[in-house]
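Peer 1: Whole structure, please, built from the sequences with the hints as guidance.
The opening residue of the sequence shown carries number -1 in this note's numbering; numbering runs sequentially from there.
Just so you know, these hints were derived from the structure itself, not from any lab.
Note that the structure is predicted; figures quoted are calculated from it, not measured.
Some hints could be false.
[Claimed, not checked] Distance condition first, Cα-Cα at most 30 Å in a straight line; then the derived DSS-like pairs of lysine-lysine:
1) K95 <-> K189
2) K52 <-> K166
3) K11 <-> K24
4) K111 <-> K24
5) K94 <-> K166
6) K196 <-> K162
7) K26 <-> K52
8) K26 <-> K111
9) K78 <-> K26
10) K11 <-> K26
11) K163 <-> K11
12) K61 <-> K94
13) K78 <-> K24
14) K52 <-> K95
15) K1 <-> K94
16) K4 <-> K111
17) K52 <-> K12
18) K78 <-> K63
19) K52 <-> K78
20) K94 <-> K159
21) K11 <-> K78
22) K4 <-> K95
23) K4 <-> K189
24) K78 <-> K111
25) K95 <-> K78
26) K196 <-> K95
27) K162 <-> K26
28) K163 <-> K63
29) K52 <-> K189
30) K63 <-> K4
31) K166 <-> K1
32) K12 <-> K24
33) K78 <-> K1
[Unchecked claim] Cβ-Cβ distance ranges computed for the label pairs, FRET-style:
34) T198 <-> L87: 33 to 41 Å
35) A179 <-> D147: 38 to 46 Å
36) F74 <-> N16: 24 to 32 Å
37) T54 <-> R92: 36 to 44 Å
38) D101 <-> N204: 42 to 50 Å
39) A91 <-> A179: 30 to 38 Å
All C-beta atoms in this analysis are idealised placements derived from N, C-alpha and C, irrespective of residue type, glycine included.
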Amino acid sequence: MIKIDKLSKFYGKKQVLNSIDLEFGKGKIYGIVGENGAGKTTLFRCISGLENYKGTISSEYTKLKDHLGLLLTEPFLFPKITGEEYIQLLTNARQKKLVNIEDRNIFDLPLKKYASTYSTGMKKKLALTAILLQENNVFILDEPFNGVDIQSNLVITEIIKRLKKLEKTVIISSHIFSTLAETCDEIYLMKNGEIIRKVTQIDFDNLENEMKEFTIRNQIDKLDLK
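Peer 2: Written out as structure tokens, the structure reads:
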């Protein structure tokens, strides 16, 4: 389990996260939704140990970051490293032996080519493959479906479901609500650096309708289309 108590984050005088309390258990999938700038990525970076923060993040692991795979919206890739070398680098970091890489290349990536030449979707699939082969216990996936083709999105959805069966903890942000509704056990609505609502599966449809009403219809009404 991961427990977050009174988590706050400031960039200078600007407060980005405001006293967040959350718990994430094994074998469950959690969705985090909210408008751009709500604080989702900053929350993920704090959990992953990439940011300093106020409050506490505790887990059963001595060092959570050593058991956590983070998929960023735009994964960082060194300019002169092949796809295969990138995967090797990340698996070495977890002391995992990499075998039969071609057989495990489920997204059919050109692993012998420089990863910097990959498209946005290919980079994301490469980074996802790498953290999966690390055999992590916790996965944080920041917009895993954006920029990825439909077939690969179906594969990613099934991967997430498999991780649940393997008793992993999975935390996802996505603007594609249908993918969250299909995979998540709970969804948290985030606004202005705060968790303002927790929704379980029975109320997913209501949450989606509310989000459409407030974030889509109201914005379109401002255009006063005629």
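Peer 1: When you check the alpha-carbon spacing of K111 and K24, does it fall within 30 Å?
Peer 2: Since the Cα atoms of K111 and K24 sit roughly 36 Å apart, the hinted pair is violated (cutoff 30 Å).
Peer 1: Against the 30 Å threshold, does the CA-CA distance of K163 and K63 hold or violate the hint?
Peer 2: Given pair K163, K63 holds - Cα atoms ~22 Å apart, limit 30 Å.
Peer 1: Check whether the Cα positions of K78 and K111 lie no farther apart than 30 Å.
Peer 2: holds (10 Å)
Peer 1: Between K94 and K166, is the straight-line Cα distance small enough, at 30 Å or below?
Peer 2: holds (18 Å)
Peer 1: Are the Cα positions of K11 and K26 separated by 30 Å at most?
Peer 2: violated (35 Å)
Peer 1: Can you confirm whether the C-alpha distance between K11 and K24 stays at or below 30 Å?
Peer 2: violated (36 Å)
Peer 1: Does the structure keep K78 and K1 at a Cα separation of 30 Å or less?
Peer 2: violated (38 Å)
Peer 1: Can you confirm whether the C-alpha distance between K4 and K189 stays at or below 30 Å?
Peer 2: Between K4 and K189 the Cα gap is close to 16 Å, so the pair holds against 30 Å.
Peer 1: Sort out whether K159 lies within 30 Å of K94, counting only the CA atoms.
Peer 2: Roughly 23 Å between the alpha carbons, so the hint for K94 and K159 holds.
Peer 1: Does K4 sit within 30 Å of K63, going by the straight-line distance between their CA atoms?
Peer 2: holds (19 Å)
Peer 1: Please test the hint of 42 to 50 Å on the beta carbon pair from D101 and N204.
Peer 2: Given range 42 to 50 Å: holds, Cβ gap about 44 Å.
Peer 1: Would the hint linking K52 and K78 be met if the CA-CA limit is 30 Å?
Peer 2: Violated. K52 to K78 sits at ~37 Å, over the 30 Å cutoff.
The structure is inconsistent with the numbered hints 1, 3, 4, 8, 9, 10, 11, 13, 14, 16, 19, 21, 22, 26, 32, 33, 35, 37, although it conforms to all the rest.
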